[in-house]
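Participant: Each chain, written out:
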Amino acid sequence: GAVVSQHPSWVICKSGTSVKIECRSLDFQATTMFWYRQFPKQSLMLMATSNEGSKATYEQGVEKDKFLINHASLTLSTLTVTSAHPEDSSFYICSAHGLGQGERDTQYFGPGTRLTVL
Amino acid sequence: QKEVEQDPGPLSVPEGAIVSLNCTYSNSAFQYFMWYRQYSRKGPELLMYTYSSGNKEDGRFTAQVDKSSKYISLFIRDSQPSDSATYLCAMSSYTGGFKTIFGAGTRLFVKA
Chain R
6 GAVVSQHPSW
16 VICKSGTSVK
26 IECRSLDFQA
36 TTMFWYRQFP
46 KQSLMLMATS
56 NEGSKATYEQ
66 GVEKDKFLIN
76 HASLTLSTLT
86 VTSAHPEDSS
96 FYICSAHGLG
106 QGERDTQYFG
116 PGTRLTVL
Chain Z
481 QKEVEQDPGP
491 LSVPEGAIVS
501 LNCTYSNSAF
511 QYFMWYRQYS
521 RKGPELLMYT
531 YSSGNKEDGR
541 FTAQVDKSSK
551 YISLFIRDSQ
561 PSDSATYLCA
571 MSSYTGGFKT
581 IFGAGTRLFV
591 KA
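Just so you know, the sequences run in chain order R and Z.
So this note's numbering is basically just the index in the first sequence, starting at one, shifted up by 5.
So this note's numbering is basically just the index in the second sequence, starting at one, shifted up by 480.
Keep in mind the hints are simulated off the structure, nothing from the lab.
Any given hint might turn out to be false.
As the list claims (entries may be wrong) - Okay, the calculated beta carbon distance ranges per label pair:
| # | chain 1 | residue 1 | chain 2 | residue 2 | range |
| --- | --- | --- | --- | --- | --- |
| 1 | R | Ser88 | Z | Ser520 | 43 to 53 Å |
| 2 | R | Leu31 | Z | Phe589 | 26 to 36 Å |
| 3 | Z | Arg540 | R | His90 | 42 to 52 Å |
| 4 | R | Ile17 | Z | Ser532 | 44 to 54 Å |
| 5 | R | Ala77 | Z | Asn535 | 12 to 22 Å |
| 6 | R | Glu64 | Z | Ser549 | 21 to 31 Å |
| 7 | Z | Ser533 | R | Gly58 | 35 to 45 Å |
| 8 | R | Thr22 | Z | Arg540 | 42 to 52 Å |
| 9 | Z | Tyr519 | R | Lys71 | 24 to 34 Å |
| 10 | R | Ile17 | Z | Asn535 | 39 to 49 Å |
| 11 | Z | Lys591 | R | Ser88 | 24 to 34 Å |
A quick note: this is a predicted structure, and the numbers were derived from the prediction, not measured.
The C-beta atom is built at its ideal place from N, Cα and C for all residues, glycine as well.
Sequences are here, hints too, so could you generate the full structure?
Facilitator: This is the structure:
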């Protein structure tokens, strides 16, 4: 398999502050990384797709100025929730895809980050 | 019509039962088919990854793909309480750009 890490695993912040979540592929190069949001007992909701060195592609309804995504290297992508509000509280999950890399040629998920905005 | 249909359940079975989880899809361009398991408050874990039609077995898990019927299945033999989780099907296509679509997930409860 392939290993994807996320940091932090949980974070509590005050309303109005910004929070950065890191996603790393530990043993393969992630040509593409995905960011999802998941509410309790609901399925994954794709927020954006990012390719290394280029701007992220956001899904309809996702504010790109609020959810800043940077994919600076083939092993690291970051999601920054800017000016967080209580309604941004959710479980954020990243996944990494190693295109053309054998068994890595599919999405491997990180463990998720639980964000609580007070 | 959704591209991928998956019954959300919940599905409750006794320990030791054979579990059958299924998804149907509408886009014939899908070529890669996956099953993920997600425990509560954890990220999804890749269970099975298959290309095109056929069967794939890994321990107690068997994945089946029938592209002619646009139907995929995951069978769990000798189910255990530790199998209690949400199971998501997913499928990918490289036609017209890479795309992966996830099912809504089926919640499974295995009772001891």
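Participant: Does each hint fit the structure? Answer for all of them.
Facilitator: Right, here's what the structure says about each hint:
1. Separation of Ser88/R from Ser520/Z is about 29 Å and departs from the stated range, judged on CB atoms against 43 to 53 Å.
2. Between Leu31/R and Phe589/Z the beta carbon distance is about 32 Å. The supplied range of 26 to 36 Å therefore holds.
3. At about 44 Å, the CB distance of Arg540/Z to His90/R agrees with the hint of 42 to 52 Å.
4. For Ile17/R and Ser532/Z, the Cβ-Cβ distance of about 46 Å falls inside the hinted range of 44 to 54 Å, so the restraint holds.
5. The hinted window of 12 to 22 Å between Ala77/R and Asn535/Z is violated, with their beta carbons roughly 41 Å apart.
6. The hint said 21 to 31 Å for the Cβ distance between Glu64/R and Ser549/Z, and at roughly 30 Å that hint holds.
7. Roughly 36 Å separates the CB atoms of Ser533/Z and Gly58/R, a value that falls within the hinted 35 to 45 Å.
8. Our hint of 42 to 52 Å for Thr22/R and Arg540/Z holds, since their Cβ atoms are close to 46 Å apart.
9. Remark: the range hint 24 to 34 Å for Tyr519/Z to Lys71/R is upheld by a beta-carbon distance near 29 Å.
10. For the hinted restraint 39 to 49 Å between Ile17/R and Asn535/Z, the CB-CB distance of approximately 46 Å keeps it satisfied.
11. At roughly 45 Å, the beta-carbon separation of Lys591/Z and Ser88/R lies outside the given 24 to 34 Å, and the hint is violated.
The structure is inconsistent with the numbered hints 1, 5, 11, although it conforms to all the rest.
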